[in-house]
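Q: Heads up: take any position in the sequence shown, counting from 1, add 1209, and you land on the numbering used here.
Misleading hints may appear alongside valid ones.
Straight-line C-alpha distance at most 25 Å; calculated DSS-like pairs for lysine-lysine [stated by the list, open to error]: (1) Lys1262 / Lys1468; (2) Lys1411 / Lys1455; (3) Lys1428 / Lys1473; (4) Lys1455 / Lys1264; (5) Lys1266 / Lys1313; (6) Lys1212 / Lys1501; (7) Lys1410 / Lys1468.
No lab work stands behind these hints, which were simulated from the structure alone.
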Amino acid sequence: MIKRENRMLIALPVPEHGDPNAAAAVQELLGGKFGEMSTLNNYMFQSFNFRRKDKLKPFYDLVASITAEEFGHVELVSNAINLLSRGNTFYTGDPDVTPLRTGKDSRNTYQFIATAQTALAGDSMGRAWTGDNVFNSGNLVLDLLHNFFLEVGARTHKMRVYEMTENETAREMIGYLLVRGGTHVLAYAKALEIATGVDVKKLIPLPDLANSRFDHARKFEEQGLANVLYTWNDVGEYADISQIWKGTNPENGERLIVKQGSPKGAPIPNLDDLPEEFAPGIDRDDYERIAKRLMENL
């Protein structure tokens, strides 16, 4: 089971005005081939379908715990897209003044039409995410190698999107995920070394650019987040990741730490009404009627 908390991983800056084209670029980090929906679903199905959990529990614990974190990554990128979509249209009550005119000239017109300017389950070109992106071979070493490659590809795409936009909301989110994604790269490299004896760590960082080179990643590095794996469980059921996640980080020489539970997190942003999008489509009178009906059953 997955335990849900009404928090997201970090606080994101709330922009005064949105940036629809930055939102379109960030969509790749959500629903692209190397996006967070792919990392989540790859690890989720691998963990569900894992064979011999009893004999290979440290590897199962690793994939399962990273799966739980990836839920939070999907949530974080989605909220970044939602904040980048803030204030891009206007409302006067008159549909003939084209209140959604910004959508016509934006990179991702579909976002204005389909989801009322919120995150799409798709990539930067508007293509829907597909389960074809899931790799679950049943072979432990092959799956670990795929996961290493997937995390490296995801890191590369984050670096490129970072270089595409100066938007503070986008860069704060990407800076955090560069650090956490780098942690997952190292985790799968260490798992592969234990399973095969091959030191894959010699390949990283890949591409050859440390997270500390990015202004918005540096503070998360300084907080030590590159050295921590969370179990996302409070009763010790996934603690065997400590048999893999041990020693020191080859990039900074600091000790690797397994933390029981999850990060403290931050509040999830509240999204305002968008009457020009008919969302949520409930006016003040509706709220009062709904409240009255809710109270009737107490």
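Q: Next, verify each hint and record whether it holds.
A: Hint check results:
1. Of the supplied pair hints, the one linking lysine 1262 and lysine 1468 holds, its CA atoms being roughly 21 Å apart against a limit of 25 Å.
2. Between lysine 1411 and lysine 1455 the alpha-carbon distance is near 17 Å, which keeps this suggested pair within the 25 Å criterion.
3. With a C-alpha separation of about 17 Å, the suggested pairing of lysine 1428 with lysine 1473 holds against the 25 Å cut-off.
4. For the suggested pair lysine 1455 and lysine 1264, the alpha carbons sit about 20 Å apart, so the restraint of at most 25 Å is met.
5. A distance of roughly 52 Å separates the Cα atoms of lysine 1266 and lysine 1313; the hinted pair therefore is violated under the 25 Å criterion.
6. Of the pairs offered as hints, the one joining lysine 1212 and lysine 1501 is violated, with about 31 Å between alpha carbons and a cut-off of 25 Å exceeded.
7. Pair hint lysine 1410 plus lysine 1468 holds up; C-alpha atoms about 22 Å apart against a cutoff of 25 Å.
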